[in-house]
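Q: Line order of the protein sequences matches chains D and S.
Position 49 (the first sequence) corresponds to 49 in our numbering; numbering is contiguous.
Position 47 (the second sequence) corresponds to 47 in our numbering; numbering is contiguous.
Treat each hint with caution, since some may be false.
For chains that are exact copies, the list does not tell them apart, and a pair is met inside one copy or across any two.
[What the hints assert, rightly or not] Straight-line C-alpha distance at most 27 Å; calculated BS3-like pairs for lysine-lysine:
id	residue 1	residue 2
1	Lys-78	Lys-101
2	Lys-64	Lys-117
3	Lys-78	Lys-103
4	Lys-64	Lys-101
Hints in this document: simulated from the structure, not taken from any laboratory.
There are 2 protein chains.
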Amino acid sequence: MLLDATVRDVLRAEGSATFVTNGPDGPHLVATWQSYLDILDDETLAFPAGGYRETEENLARDAKVQMVIADKHGPSEKAIGFRLTGTAEVQSGQALHERMKAKYPWCRGVVVMHVAKVERILG
Amino acid sequence: MLLDATVRDVLRAEGSATFVTNGPDGPHLVATWQSYLDILDDETLAFPAGGYRETEENLARDAKVQMVIADKHGPSEKAIGFRLTGTAEVQSGQALHERMKAKYPWCRGVVVMHVAKVERILG
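Input sequences plus hints: build the corresponding full structure.
A: Here is the structure:
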C-alpha cells in the first residue's frame, strides 16, 4: 500500500501540495491544497483542475509527475513530508469530473495521479 | 520589490516550501519549511541544506529553480500562494553557512535563491 496510514495522516493536515511536470522549457511547478486531494484507492489521487493548462500540455507529452505533501506538526508533533512520484493525466467530462464539480464547481477537469513511489523527505 | 509584504505574510505562516531543479533525468522535487526561509534582501532567500545532494548537482549544471510557498488561512482568511522563479546555488563554508549553523547545526550548506519573478498561483 503506497498511500498508507502515515501518508493519509499528512493529508488530513492542511497545506499546499506542490507538483511538477516536465515541459519543453524545463520543470513547471504548480500547486493545490492538501484538503483538495481525494484518495481514490491506495495508489491513486484525484484533485480539481482550475487552470493547469501548461501542466495539462506537459502531461500530454510526458506523464511523469512528482508531488510534495507535508505536515510540520503531525501526530506526536513530528514534522513529516513525502515526495510522491508517478504519472498523471487530466480528465474532463467523465464521471470523476462530474463528481468533483459538485464540490468544486469551478473545476474544468480532474487531475488523476497514479502514485508509483513514496519517499519520506522532510523531518 | 519582489519579496513584498504579501509574500512575507505568507512566509510567516508555517508550511512546506517545495522547490524544483532540472536534472539530467527531468525535474527533481524537494522541500524545506517556510519557517526555515531567511529573507536576506528583497529578492534573496536563504535556507539550510541538509541533504539536497541531487539538488546541488543539478544546480551546478542548471541554476534555474522554482519554489511554491502558500498559506491556506492567510490574513483576512484568504488562501494565497506564490510561485517564485529564479536561480540558486548551494554555499558551504562561507559566512552565511556559519551563521545558519547556529540555528541549524545539521546544515551542510546554505541554499541561496535569487528570486527573479513572483507569481500568484493559489487562491
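Q: All the hints need checking, so say for each whether the structure fits it.
A: How the hints compare with the structure:
no.: 1; hint: Lys-78 - Lys-101; result: between (35 Å within a copy, 22 Å between copies)
no.: 2; hint: Lys-64 - Lys-117; result: both (12 Å within a copy, 25 Å between copies)
no.: 3; hint: Lys-78 - Lys-103; result: between (31 Å within a copy, 19 Å between copies)
no.: 4; hint: Lys-64 - Lys-101; result: within (25 Å within a copy, 36 Å between copies)
Checked against the numbered hints given earlier, the structure satisfies every one of them.
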